[in-house]
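Chemist: Below are the chains, spelled out letter by letter.
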Amino acid sequence: MTAPGVTTQTVPAPAKPSGKAARRIKDNLTGHAFLIGAVVCFALFMWYPMIRGIVMSFQRTRRGETTWVGWDNYTRIVADPSFWIAWKNTFLFTILALVVGYVLPFFVAILLNEFRHAKGYLRILVYLPVMLPPASALFLFKYYAYDPSEAGLFNAILKFLHLPTSEWMQSPTMTIPAMVIASTWMNLGSAVLIYLASLQNIPGELYEAAELDGAGIWRRIWSVTIPQTRLILALLAMLQIVATMQLFIEPLILANGAGTQDSATSVAYLIYQHGFFQNDLNGAAALGVIMLIVLAAFSAVYVRLTTKQD
Amino acid sequence: MSVPQYRKAAALALVAGLGLSLTACSTKSDDDGGTDAAGKVTITVDCQPVGAQKELLANWNADVAEFQKQNPDITIKSVSVGEQCNNPPDFTARLAGGTMTDVFYGYMTDLQQVLDSGQAMDITQYATKDTIPTWDSVDPALKEVFTEEGKLYAVPVKNYSMGLVYNKALFKKAGLDPEAPPKTWAEVRAAAKKIAGTGGGVAGYSEYSAGNTGGWHFTALNYSQGGKILSEDGKKAEFNNAQGKQVLQNLKDMRYGDNSMGSRQLLQWGDLLTNAGAGKVGMFIGAPDATQAIVSQFQGKYEDWAMGPMPGQDGPAKGTLGGGEGYFFKKDLTGEQVKAGLKWIAYQKLTPGKGQLDYVRAKPQNYPVGLPQPLLFTNGSEAQKQELELRKANANVDTANFKAFEENPVPIVGEPRNAQAIYAVLDSAMSGVLTNPNANIDSLLKTAETKVNQLQAAGS
Numbered sequence: 001m002t003a004p005g006v007t008t009q010t011v012p013a014p015a016k017p018s019g020k021a022a023r024r025i026k027d028n029l030t031g032h033a034f035l036i037g038a039v040v041c042f043a044l045f046m047w048y049p050m051i052r053g054i055v056m057s058f059q060r061t062r063r064g065e066t067t068w069v070g071w072d073n074y075t076r077i078v079a080d081p082s083f084w085i086a087w088k089n090t091f092l093f094t095i096l097a098l099v100v101g102y103v104l105p106f107f108v109a110i111l112l113n114e115f116r117h118a119k120g121y122l123r124i125l126v127y128l129p130v131m132l133p134p135a136s137a138l139f140l141f142k143y144y145a146y147d148p149s150e151a152g153l154f155n156a157i158l159k160f161l162h163l164p165t166s167e168w169m170q171s172p173t174m175t176i177p178a179m180v181i182a183s184t185w186m187n188l189g190s191a192v193l194i195y196l197a198s199l200q201n202i203p204g205e206l207y208e209a210a211e212l213d214g215a216g217i218w219r220r221i222w223s224v225t226i227p228q229t230r231l232i233l234a235l236l237a238m239l240q241i242v243a244t245m246q247l248f249i250e251p252l253i254l255a256n257g258a259g260t261q262d263s264a265t266s267v268a269y270l271i272y273q274h275g276f277f278q279n280d281l282n283g284a285a286a287l288g289v290i291m292l293i294v295l296a297a298f299s300a301v302y303v304r305l306t307t308k309q310d
Numbered sequence: 311m312s313v314p315q316y317r318k319a320a321a322l323a324l325v326a327g328l329g330l331s332l333t334a335c336s337t338k339s340d341d342d343g344g345t346d347a348a349g350k351v352t353i354t355v356d357c358q359p360v361g362a363q364k365e366l367l368a369n370w371n372a373d374v375a376e377f378q379k380q381n382p383d384i385t386i387k388s389v390s391v392g393e394q395c396n397n398p399p400d401f402t403a404r405l406a407g408g409t410m411t412d413v414f415y416g417y418m419t420d421l422q423q424v425l426d427s428g429q430a431m432d433i434t435q436y437a438t439k440d441t442i443p444t445w446d447s448v449d450p451a452l453k454e455v456f457t458e459e460g461k462l463y464a465v466p467v468k469n470y471s472m473g474l475v476y477n478k479a480l481f482k483k484a485g486l487d488p489e490a491p492p493k494t495w496a497e498v499r500a501a502a503k504k505i506a507g508t509g510g511g512v513a514g515y516s517e518y519s520a521g522n523t524g525g526w527h528f529t530a531l532n533y534s535q536g537g538k539i540l541s542e543d544g545k546k547a548e549f550n551n552a553q554g555k556q557v558l559q560n561l562k563d564m565r566y567g568d569n570s571m572g573s574r575q576l577l578q579w580g581d582l583l584t585n586a587g588a589g590k591v592g593m594f595i596g597a598p599d600a601t602q603a604i605v606s607q608f609q610g611k612y613e614d615w616a617m618g619p620m621p622g623q624d625g626p627a628k629g630t631l632g633g634g635e636g637y638f639f640k641k642d643l644t645g646e647q648v649k650a651g652l653k654w655i656a657y658q659k660l661t662p663g664k665g666q667l668d669y670v671r672a673k674p675q676n677y678p679v680g681l682p683q684p685l686l687f688t689n690g691s692e693a694q695k696q697e698l699e700l701r702k703a704n705a706n707v708d709t710a711n712f713k714a715f716e717e718n719p720v721p722i723v724g725e726p727r728n729a730q731a732i733y734a735v736l737d738s739a740m741s742g743v744l745t746n747p748n749a750n751i752d753s754l755l756k757t758a759e760t761k762v763n764q765l766q767a768a769g770s
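Keeping their order, the protein sequence lines are chains A and B. The opening residue of the first sequence carries number 1 in the numbering used here; numbering runs sequentially from there. The opening residue of the second sequence carries number 311 in the numbering used here; numbering runs sequentially from there.
Read the hints as simulated data drawn from the structure, not as lab findings. The beta carbon of each residue, even a glycine, is placed where N, CA and C say it ideally should be. Treat the hints with care, since some could be wrong.
[To be verified] SDA-like cross-link-like pairs, simulated, lysine to any residue; straight-line CA separation at most 20 Å:
{"hint": "1", "chain 1": "B", "residue 1": "Lys-545", "chain 2": "A", "residue 2": "Tyr-144"}
{"hint": "2", "chain 1": "B", "residue 1": "Lys-562", "chain 2": "A", "residue 2": "Ser-149"}
{"hint": "3", "chain 1": "B", "residue 1": "Lys-545", "chain 2": "A", "residue 2": "Ala-79"}
{"hint": "4", "chain 1": "B", "residue 1": "Lys-590", "chain 2": "A", "residue 2": "Lys-159"}
{"hint": "5", "chain 1": "B", "residue 1": "Lys-478", "chain 2": "B", "residue 2": "Asp-599"}
{"hint": "6", "chain 1": "B", "residue 1": "Lys-503", "chain 2": "A", "residue 2": "Ser-149"}
{"hint": "7", "chain 1": "B", "residue 1": "Lys-468", "chain 2": "B", "residue 2": "Ala-490"}
{"hint": "8", "chain 1": "B", "residue 1": "Lys-478", "chain 2": "B", "residue 2": "Ala-490"}
{"hint": "9", "chain 1": "B", "residue 1": "Lys-641", "chain 2": "A", "residue 2": "Gly-64"}
{"hint": "10", "chain 1": "B", "residue 1": "Lys-641", "chain 2": "A", "residue 2": "Glu-65"}
{"hint": "11", "chain 1": "B", "residue 1": "Lys-555", "chain 2": "B", "residue 2": "Lys-478"}
{"hint": "12", "chain 1": "A", "residue 1": "Lys-159", "chain 2": "B", "residue 2": "Leu-540"}
{"hint": "13", "chain 1": "B", "residue 1": "Lys-756", "chain 2": "A", "residue 2": "Val-78"}
{"hint": "14", "chain 1": "B", "residue 1": "Lys-545", "chain 2": "A", "residue 2": "Arg-63"}
{"hint": "15", "chain 1": "B", "residue 1": "Lys-461", "chain 2": "A", "residue 2": "Arg-63"}
{"hint": "16", "chain 1": "B", "residue 1": "Lys-756", "chain 2": "B", "residue 2": "Leu-540"}
{"hint": "17", "chain 1": "A", "residue 1": "Lys-159", "chain 2": "B", "residue 2": "Ser-573"}
{"hint": "18", "chain 1": "B", "residue 1": "Lys-387", "chain 2": "B", "residue 2": "Trp-445"}
{"hint": "19", "chain 1": "B", "residue 1": "Lys-756", "chain 2": "A", "residue 2": "Ile-85"}
{"hint": "20", "chain 1": "B", "residue 1": "Lys-468", "chain 2": "B", "residue 2": "Pro-678"}
{"hint": "21", "chain 1": "B", "residue 1": "Lys-756", "chain 2": "A", "residue 2": "Phe-154"}
{"hint": "22", "chain 1": "B", "residue 1": "Lys-641", "chain 2": "A", "residue 2": "Arg-63"}
[To be verified] So the derived label-pair ranges between C-beta atoms look like this:
{"hint": "23", "chain 1": "A", "residue 1": "Ala-118", "chain 2": "B", "residue 2": "Thr-508", "range": "48 to 54 Å"}
{"hint": "24", "chain 1": "A", "residue 1": "Leu-92", "chain 2": "B", "residue 2": "Phe-608", "range": "34 to 40 Å"}
{"hint": "25", "chain 1": "A", "residue 1": "Arg-63", "chain 2": "B", "residue 2": "Asn-689", "range": "33 to 39 Å"}
{"hint": "26", "chain 1": "A", "residue 1": "Leu-92", "chain 2": "B", "residue 2": "Gln-559", "range": "30 to 36 Å"}
{"hint": "27", "chain 1": "B", "residue 1": "Gly-407", "chain 2": "A", "residue 2": "Ile-293", "range": "21 to 27 Å"}
Make the full structure from the sequences, and use the hints.
Modeler: Laid out in C-alpha cells, this is it:
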C-alpha cells in the first residue's frame, strides 16, 4: 500500500487556483481532521454560547415563547439598584488587587531571586497555595481566618497585637479588602514564578555595571530590573485586570453570595444572580454583553502589547 | 496499516468519539416516544439518592425493582443529579439547558420558571384515580399550588409548614421550661437572651441571610406578623410596611440589642443546621423535617429537638409559611409515558406503606418516623387514616416533642409567585440588619421593594 501523502507530493499540482486549494486540503486532510476536534470544541463551547448570549440579550422568553424586545433587557439591568454597586465593587476589587496582588509578587520574586541558598524550597513554599483548589482555600479563609469572633485566626492575631478586631466578611467596609487578601494569597505563587523567570533573563552584567557605578538596591531595581521586565509587567497587569474583573468565586464562597447589603456583589455574581436565582436569563445575558464590551477594551490593550512584544 | 492511514483512522475516531460523546449527553428516555416494539414504556426520573446516602439509595432501588415487577410494561430509568435536586441555581441551570428528565422534581416555588421555560406538560387529564389511587385524597390546596389557569402541572409529593424549632437541652441549661416553647417574639427574644447567656458561643436564636434562605425566612416571619409579600394581583411588593419593619426590628434587637444571635451571620441552610447539629443554636424557625437534616446530615440528636408553633407579635402567629415539593412532567411526553410516570409517583410517594411512606422500613434506619409532616392527604380521608396509623405504630422519635406544634395550628400561607427571585432580593434586607448595627431598616425595605417591583414588572 502506498502512503497517500508521499504520492501527492511527487505529482505536480494543476495550474487552476481552485484545484490548488482542493489539492492543498487533500494534502493536509489528516491535519484538518485532527483540527476538527478543536474547532468543534471552540465553536460549541466558546463561539456559539457567546453569539447565543448576545442574541438572548435582545430577547425575552415567557411561557416558552421567545420574542424580540430590543434594548429592554439592557434598560432593566441598568435600572437594577445592584447594577452600579456591582460595578463599583468590581472596579474597587480590581484596583486593590492590582495594587496589592500585582506589586507584592514582583517584590517577592526579586527577594527570591536574591537568595543564594534554598531557592527551590522557597519557590515551592510560595507556590504551594496555588496548588490548593480555590474553593478549599476560600473555605479555609471563610471559616478560620475570617471568623468574626475572637476565635478567628486574623482576629486572634489582631487581639494579640492589641489592635481592634474586625467582622471581616460581615463588615461592609472590610468585604472587598478581605476578598483581595484571600485572592492575593491564592494567586501570588503563579505571578511570582512568571516574574522570577523574567528576572533570570536579565543579563548579570547589567547589575554588575550598576554596582560598579555605585547603584544601591532600589536604584538597581528602578534602573535595571523594571526596564528589563517592563513588557512582562505590562502583560501581567493586563491579564490581572481581565481576570480580577471576573470576580466570582470569592463572593460566592466568602460572602455566601451578595454579602452584607450587596457589599460583595460583583458584576459576574450579579449575572449569576439574575440568571440562576431570578429566572432572568435574558437580563443576565444583557449584563454579560456589557461586561464583554468592558473586558474587550482591556483585552484590546493586551493584544496590542503582545503584538508589540512579538 | 501505514503511518498516514493510522493517523487518519485516529483522526476519524476522534471526530466520531466527539460526536458520540455529545449525543450521549441526553436525559431523554429515547427517541421513539419512550415505547419500544414490545409496547414497554420507559421514563427517566431524577433525584435518585446519591451513593453516599446508602440506605435511601437502597430504598429507592428496591422501590424501582418492586414497581417494575408490579408493572412489567414500565421501565424506570433513575437519574441521580446530586445536590442539584435541592439547589435552586442548579435546578435553573438544568432547566435552561433542557436536560430535565421525563419526570422531574421541583419546589412548589418553581412552577413559574418551569412554565416560563415552556417545558412543563399539562397533566390534568391524566392525574386521576386510575393512575394515582389516592388522588382524590390528596389535599386540594397542594394540588392548587401546582395549578395555573385550571391546568395541573405537577403532582405534590411533600409539604411542610414552619414553626419554632428549639433545642431542649439548651432550654434546660438556660433554666427555661423545655415543654413550654415561646409563643410570641417577645418571649423568643427573652429566651434567646438567656440561652446565649449560657456562653460557649451559643446563639439563642439563629437566622438565615444568604443563598435565598434569608428571603425565605423573611417571608415566613412576615406572615407571622400578618404581613404579605406581594399585593393581591401579584404585581407589587407589599412588605415595606409596619409588619415588614417589625420583622427586621425584632432581629436587630436580638442581634445588636441583646447580642443573642451569635457573631457568625450570612448563614444559609447548611450553615445554620451545622451549628444546630453542634448544639450551638437554641432556636430557629423551620419545618419538622429540619430535625431530620440536623440528625442525618449534621450529627445532631433527635431527643434534643422539639417544635412549637410559629410565634406571633402579640399573641398567636397570624400565619406561617407553607411549601413543598412535587414532580413535573416534561412537555411532549406521550400519554403512555405520563401515565407511567404518575403510576410511579403514586407508588413511591403517595401510597401509605410504600416508598417514602413505608414507615416499617424507615423505622430501623436513621430517618425519623413520627414527625407531624408531611400531611399530603385531606383530613378524615381513608389514605390519611392509614398513613397516620402506620406513622404512629412505627414512630422512632418522641412525638411528644412536636405536640406544641401540632396542637397549636397556625394558618398556612403559600409562597409568593416568583418566590426564589424575591427571596434572593430579600436576602439583602436580612443580611443588612444582621451584620450592620447601624442598618437603616426603612432604607433596606425600600431598596428591596424597588427590586421586587422591577422583578414583578419584568415577569408579568
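Chemist: Hints first: check each against the structure and report whether it holds.
Modeler: Against the structure, the hints:
With a CA separation close to 44 Å, the supplied pair B/Lys-545 and A/Tyr-144 exceeds the 20 Å bound. With a C-alpha separation of about 18 Å, the suggested pair B/Lys-562 and A/Ser-149 falls inside the 20 Å cut-off, and the hint holds. For the given pair, B/Lys-545 sits about 18 Å from A/Ala-79 by alpha-carbon distance, which is consistent with the 20 Å threshold. Proximity of B/Lys-590 to A/Lys-159 is assessed by CA-CA distance (about 24 Å); at most 20 Å being required, the pair is judged violated.
At roughly 17 Å between alpha-carbon atoms, B/Lys-478 and B/Asp-599 fall within 20 Å of each other, so this suggested pair holds. Using a Cα cut-off of 20 Å, the hinted pair B/Lys-503 and A/Ser-149 holds, with the two alpha carbons roughly 18 Å apart. Restraint check for B/Lys-468 and B/Ala-490: not satisfied, since their Cα atoms lie roughly 28 Å apart, outside the 20 Å limit. Between B/Lys-478 and B/Ala-490, the direct Cα distance comes to roughly 10 Å. Compliance with the 20 Å bound is thereby established for this hinted pair.
Taking the CA atoms of B/Lys-641 and A/Gly-64, the gap is about 11 Å. The hint holds against a cut of 20 Å. Straight-line distance between C-alpha atoms of B/Lys-641 and A/Glu-65 comes to about 14 Å, which keeps the hinted pair within the 20 Å bound. Distance restraint check for B/Lys-555 and B/Lys-478: the Cα-Cα separation of roughly 30 Å exceeds the 20 Å cut-off, and the hinted pair is therefore not satisfied. Pair hint A/Lys-159 plus B/Leu-540 does not hold up; C-alpha atoms about 47 Å apart against a cutoff of 20 Å.
Distance check on the hinted pair: B/Lys-756 and A/Val-78 sit about 18 Å apart at the alpha-carbon level, within 20 Å; holds. At roughly 18 Å between alpha-carbon atoms, B/Lys-545 and A/Arg-63 fall within 20 Å of each other, so this suggested pair holds. The hinted pair formed by B/Lys-461 and A/Arg-63 meets the criterion: a straight-line CA distance of about 14 Å does not exceed 20 Å. For the suggested pair B/Lys-756 and B/Leu-540, the alpha carbons sit about 14 Å apart, so the restraint of at most 20 Å is met.
Between A/Lys-159 and B/Ser-573, the direct Cα distance comes to roughly 16 Å. Compliance with the 20 Å bound is thereby established for this hinted pair. For the suggested pair B/Lys-387 and B/Trp-445, the alpha carbons sit about 24 Å apart, so the restraint of at most 20 Å is broken. Restraint check for B/Lys-756 and A/Ile-85: satisfied, since their Cα atoms lie roughly 16 Å apart, inside the 20 Å limit. Between B/Lys-468 and B/Pro-678 the CA atoms are separated by roughly 15 Å; this keeps the pair inside 20 Å, and the hint holds.
About 35 Å separates the Cα atoms of B/Lys-756 and A/Phe-154, which puts this hinted pair outside 20 Å; it is violated. Proposed proximity of B/Lys-641 and A/Arg-63 is supported: the alpha carbons are some 12 Å apart, at most 20 Å. Checked against the given bound of 48 to 54 Å, the beta carbons of A/Ala-118 and B/Thr-508, roughly 51 Å apart, stay inside it. Restraint check, A/Leu-92 to B/Phe-608: a C-beta distance of roughly 36 Å satisfies the suggested window 34 to 40 Å.
Taking 33 to 39 Å as the suggested C-beta distance range, the pair A/Arg-63 and B/Asn-689 conforms, at roughly 35 Å. Between A/Leu-92 and B/Gln-559 the Cβ separation comes to about 31 Å, which falls inside the hinted range of 30 to 36 Å. Hint check: B/Gly-407 to A/Ile-293, Cβ distance near 26 Å, so the stated range 21 to 27 Å holds.
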